[in-house]
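Quick mapping for you: the protein sequence lines, in order, are chains R and U.
Heads up: the first sequence is residues 0 to 195, going by numbering that gives the first Met the number 0.
Heads up: the second sequence is residues 0 to 195, going by numbering that gives the first Met the number 0.
If you're looking for bench data, these hints aren't it; they were derived computationally from the structure.
Possibly wrong hints are sitting among the right ones.
As the list claims (entries may be wrong) - Far from chain U, some chain R residues (derived; all Cβ distances over 12 Å):
# : residue
1 : V31
2 : R39
3 : T40
4 : V52
5 : P86
6 : G116
7 : R163
To be verified - Straight line, CA to CA, 27 Å or less: simulated BS3-like cross-link-like pairs of lysine-lysine:
#  : chain 1 : residue 1 : chain 2 : residue 2
8  : U       : K158      : R       : K50
9  : R       : K158      : U       : K21
10 : R       : K50       : U       : K50
11 : R       : K21       : U       : K158
12 : U       : K187      : U       : K158
Stated by the list, open to error - Short, incomplete list of chain R residues facing chain U, as computed with Cβ under 8 Å:
#  : residue
13 : L26
14 : T44
15 : N77
16 : Y152
Yeah, the Cβ is synthetic: ideal placement off N, Cα and C, and Gly gets one too.
2 protein chains.
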Amino acid sequence: MSNDAISRIALELSRLPGIGRKSAQRLAYHIVSMPEEDVRTLASTLWNGRKAVRFCPVCFNYTEEEQCAVCSDETRHNGQICVVREPRDAAAIERMHDYRGLYHVLGGTLSPMNGIGPDDLRIRELLQRLDDSINEVIIATNPDIEGEATAAYLARLIKPLGIRVTRIAHGVPIGGDLEYTDEVTLSKALEGRREM
Amino acid sequence: MSNDAISRIALELSRLPGIGRKSAQRLAYHIVSMPEEDVRTLASTLWNGRKAVRFCPVCFNYTEEEQCAVCSDETRHNGQICVVREPRDAAAIERMHDYRGLYHVLGGTLSPMNGIGPDDLRIRELLQRLDDSINEVIIATNPDIEGEATAAYLARLIKPLGIRVTRIAHGVPIGGDLEYTDEVTLSKALEGRREM
């Protein structure tokens, strides 16, 4: 059987996270059975979407504009910066419609085991944002070992600058993932933040 | 947050079978974080793969050639045609490297509930293939209600032509556990018992 195109599709899909060899093959069979027009739409959405997305030069969240919607919204410049690991964590916090300040996306967390040190994250860029207009940095990294270590590291750097540093409460279950936390829990976690 | 490209990607991915809203969003965030070159490869593999695949005009399996590799292989014309529901069922049988005959892909199974009748499947095309060179039709539709009904329907059509019609055996899967086998399968296994 000449399944080469199907195998090539399955191979590409299996590179994506959470898609195993079997699912990739099933998806590949589905894709070649789809109307050509639908596959064209799928493929061009992936490619055009990827091309459209860039980093906001201020907070390093994803955006399709010069600056992201939060940074370019004057009403969000309320003196608070919420520090997250990934863009999708910022998206999770936005979904609860409760937080009205700014973000800063680190692009990861400190992980000596994986060779990720402070210079690999956007920590210098965060420090450069901490002018007189900022009075609180809320650290919303995940409540896991790396997230906590990163939070402690940032607190040590920022508190000497006379800026309040807070940590979201451990309403987020330990070992859980910020992205999959429901809005109410997230809201509680933000509300219960404490001095570091 | 201007996540439109990400939402568009997530929406397209969530149309695929087995990918829910959350997984689609997670995949979309992953895709916009991938190097542009890798997304270009993924998108073009999907689109070029889909364009390359057509139906074999003889057996209706997927192929990228005029005829599929099985139909165009003279050594496979051994008088047997194995009837399956989908191309991926033929692929499963090919993977065992044991079957040396031809295939016929129905493109579905009879399902009055879903309005799928004989004219919606490639049954007429199967009958047209049943010349003097064919001496056995092996029906390998799934052992579910629709697969059994389709098998019975085909047997009624083909047996009067003087061609042997067989059905793949149903029973306890190798490596399976008798205790955890459902009653219907056990019943089929007992019914299909053979001399040792």
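Chain U contact restraint for N77(R) - C-beta distance below 8 Å: violated (16 Å)
Restraint outcome when T44(R) is required to lie within 8 Å of chain U by C-beta distance: At 5 Å from the nearest chain U Cβ, T44(R) passes the 8 Å test, so the hint holds.
R39(R) and chain U, when compared Cβ to Cβ, separated by more than 12 Å: violated (6 Å)
Least C-beta distance from V31(R) to chain U larger than 12 Å: violated (4 Å)
Whether T40(R) stays farther than 12 Å from all C-beta atoms of chain U, as the label says: For T40(R), whose nearest Cβ neighbour in chain U is about 7 Å away, the distance does not exceed 12 Å, so it is violated.
12 Å cut-off, C-beta based - V52(R) kept clear of every residue in chain U: Violated, because the least Cβ-Cβ distance between V52(R) and chain U comes to about 4 Å, which does not exceed 12 Å.
Beyond 12 Å from every chain U Cβ - status for P86(R): Nearest chain U Cβ is 7 Å from P86(R), so the label is violated.
Pair hint outcome, K187(U) versus K158(U) [Cα-Cα no greater than 27 Å]: Answer holds: K187(U) to K158(U) is near 22 Å, not above 27 Å.
Satisfaction of hint between K50(U) and K50(R), Cα-Cα up to 27 Å: holds (23 Å)
Given hint K50(R) paired with K158(U) - CA-CA distance at most 27 Å: violated (59 Å)
Exclusion check [R163(R) not at the chain U interface, CB over 12 Å]: Its Cβ never comes within 12 Å of chain U, the nearest being 24 Å, so this holds.
27 Å limit on alpha-carbon distance, applied to hinted pair K158(R) and K21(U): violated (37 Å)
The structure fails hints 1, 2, 3, 4, 5, 8, 9, 11, 15, 16 (numbered hints given earlier, in ascending order).
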